[in-house]
Amino acid sequence: MRLTLTLTTVLAATLAAATPANAVCNPPCTLYCVSPEPVGPLSTCDLSVCPVVYETLAEALAAAQATGSGSETEVCLLDSGAPLGTPHIESTVFDNTGGQLGSSLTVRFNERPLCPDPGSAVDQPVIEGLTDGPFLTLLGAEVDLSPTGPCSTRDRPGIGLSGGGPAAVADSTVDGASGYGVASGLNGLPVLLTLQGSRVANTAGPAVHVTGPTGLLDSEISGNLVDGATGGEAVIWAEAPGIIELRDSVVFGNVADGDAGASALILGTNYVLGSALVGNAVSGGIPVLSVQYAPLAYTWDGVSVSWDGFGVLNSVFSRNRQVASLSGYTMVPVEPGDAWPAFSIRCTGDFATTPYHLLAGAGESLAPGVGPLVAVTADALPSLAETVILRNFFVANETGGEPVIVADGGAIGLVHQFMHNTVADNSAEQLFVVEGSVLAESMLVAARNLLATGPITSLPQFEIGGAPDSVIVTFNAGPAGTNWVGGSPGAVADLVGPQLEIPTLDFEDPTAVRALSACDRYALVAPTTTFTTCASMASANDPLECSLDEADAWIPTQTFVEALAP
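Those letters in the sequence shown? Residues 811 to 1376, by the numbering used here.
Note that these hints are calculated values from the structure, not bench results. Incorrect hints may appear among the rest.
Cβ pair distances, simulated, as ranges [to be verified]:
#1 ALA876 <-> ALA1070: 46 to 56 angstroms
#2 ASN997 <-> ARG964: 20 to 30 angstroms
#3 GLY943 <-> ALA1039: 29 to 39 angstroms
#4 THR1267 <-> MET1141: 28 to 38 angstroms
#5 SER1280 <-> LEU1168: 38 to 48 angstroms
#6 GLY1138 <-> SER1327: 40 to 50 angstroms
#7 GLN934 <-> LEU1315: 16 to 26 angstroms
#8 GLN934 <-> PRO1289: 21 to 31 angstroms
#9 GLU865 <-> GLU1174: 14 to 24 angstroms
#10 GLN1368 <-> ILE1222: 40 to 50 angstroms
#11 ALA1050 <-> THR907: 36 to 46 angstroms
None of the values given here were measured: they were computed from a predicted structure. Cβ coordinates follow ideal geometry from the N, Cα and C atoms, glycine included.
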């Protein structure tokens, strides 16, 4: 696989280096504390190193700018003696352009609710950050603009970042925003953004809208709506030259109306790993996930970063629906859990009021529509690029008979790899179709995929519209009579077959699967993995770490797997 350097490699290291290990700012870091009420005993800021406690964030920032020390700066919004959940009302711009507030700026909100100033403009985000080089980190921000939230002023965007520098938003929540939940680079140069351990929910408009390279990690994106009234092309949307890496996250119960201007539910990502896309709805034939390439190359801390392909790995696609129309559809808010742990999510329901697999997905009562689940946009790819669709579950999705994945023709030397995926209980008649002309030196590799259920059709599961130089379609398992490969009369068939007929179906009990540890779950899909390897890798690579939803019923037992072996 050529896709060896991913965005997270750079962003995670940057976030770890920029975030202070302690909740207290130690010299040479300069600490500014903010509390409009008497400070209670729950403060995470050490007042002994706070020369002054300011009443507003703006006052603390003005003091930091006047100091001009050039040291690392931390601004801390204190817990106070006010009743739990009392909001801090202030629309604030954290402007560290030119390092005017410090060589880096960290803002700790301590999960204190932040509400917008009623006098702010309707397009002014509750939190706005600008940086052109010094690292900006927002920790524990809580922006609750929902009808049941603490804010009297609600019709505002959530968090907006711009200026061209690196930024991180972590352990934060944006609920009920209008326009966008979290955005970067919309009013200036693209931002190198990490959004980690956070929840963006119930936004009227894109939940995440970026124009720069973005890592969306360990987060939940739920209950958001994009249509003609809210604006935007996708719920998770990267505009060129932006690109999003989606890792270890849940995308649940979102809606994108293709009849009203949306292009996809997720648009502008080239890498999806260990994530769950569950219970989402789209109309107008647009895909749930548009996996595409954006020409992008830059240098960060002396390391050259570039992409030459795209991949979807170790992920779950369940109960996503193409619907005939979303006209007049009313969103049902997705409620947060009782707690939201820092820098990680517990998708199995430990921190959810109701586990995802017990929640109704968006649009379940609507008439089905027609369109693919995943669209691979390859026309813009450079030579010698590749698509990797590896170790995923595609189960219980409604596409109106359209293929699960559709790719366009692509570039010279493009390699499509579709391996070790489980496909079950979808309305689709085909797994993977390449439309249009496939150029020279290209290849299709489809191996070890399991078609657990599906309509018996004469249509090939893998269909290539052009004539690739090489085709390898082998050891795929499915019902007797499955037609595995077709099209491409001029293709060079390096290896087609043998294919395997499914014996008596034998899958793990879903209740028992949910009760297992991450390491034991990992062992179910990688039974030869040693405990040492599993313990070190399960948290990063466990495809079951996020919600399995309907996929928990389609994990083959080891006996079943051995019966499929040649």
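The hints, checked one at a time:
| no. | hint | result |
| --- | --- | --- |
| 1 | ALA876 <-> ALA1070: 46 to 56 angstroms | holds (49 angstroms) |
| 2 | ASN997 <-> ARG964: 20 to 30 angstroms | holds (22 angstroms) |
| 3 | GLY943 <-> ALA1039: 29 to 39 angstroms | holds (38 angstroms) |
| 4 | THR1267 <-> MET1141: 28 to 38 angstroms | holds (35 angstroms) |
| 5 | SER1280 <-> LEU1168: 38 to 48 angstroms | holds (45 angstroms) |
| 6 | GLY1138 <-> SER1327: 40 to 50 angstroms | holds (45 angstroms) |
| 7 | GLN934 <-> LEU1315: 16 to 26 angstroms | violated (56 angstroms) |
| 8 | GLN934 <-> PRO1289: 21 to 31 angstroms | violated (57 angstroms) |
| 9 | GLU865 <-> GLU1174: 14 to 24 angstroms | violated (49 angstroms) |
| 10 | GLN1368 <-> ILE1222: 40 to 50 angstroms | holds (42 angstroms) |
| 11 | ALA1050 <-> THR907: 36 to 46 angstroms | violated (25 angstroms) |
Hint check: violations occur at hints 7, 8, 9 and 11; the rest are consistent with the structure.
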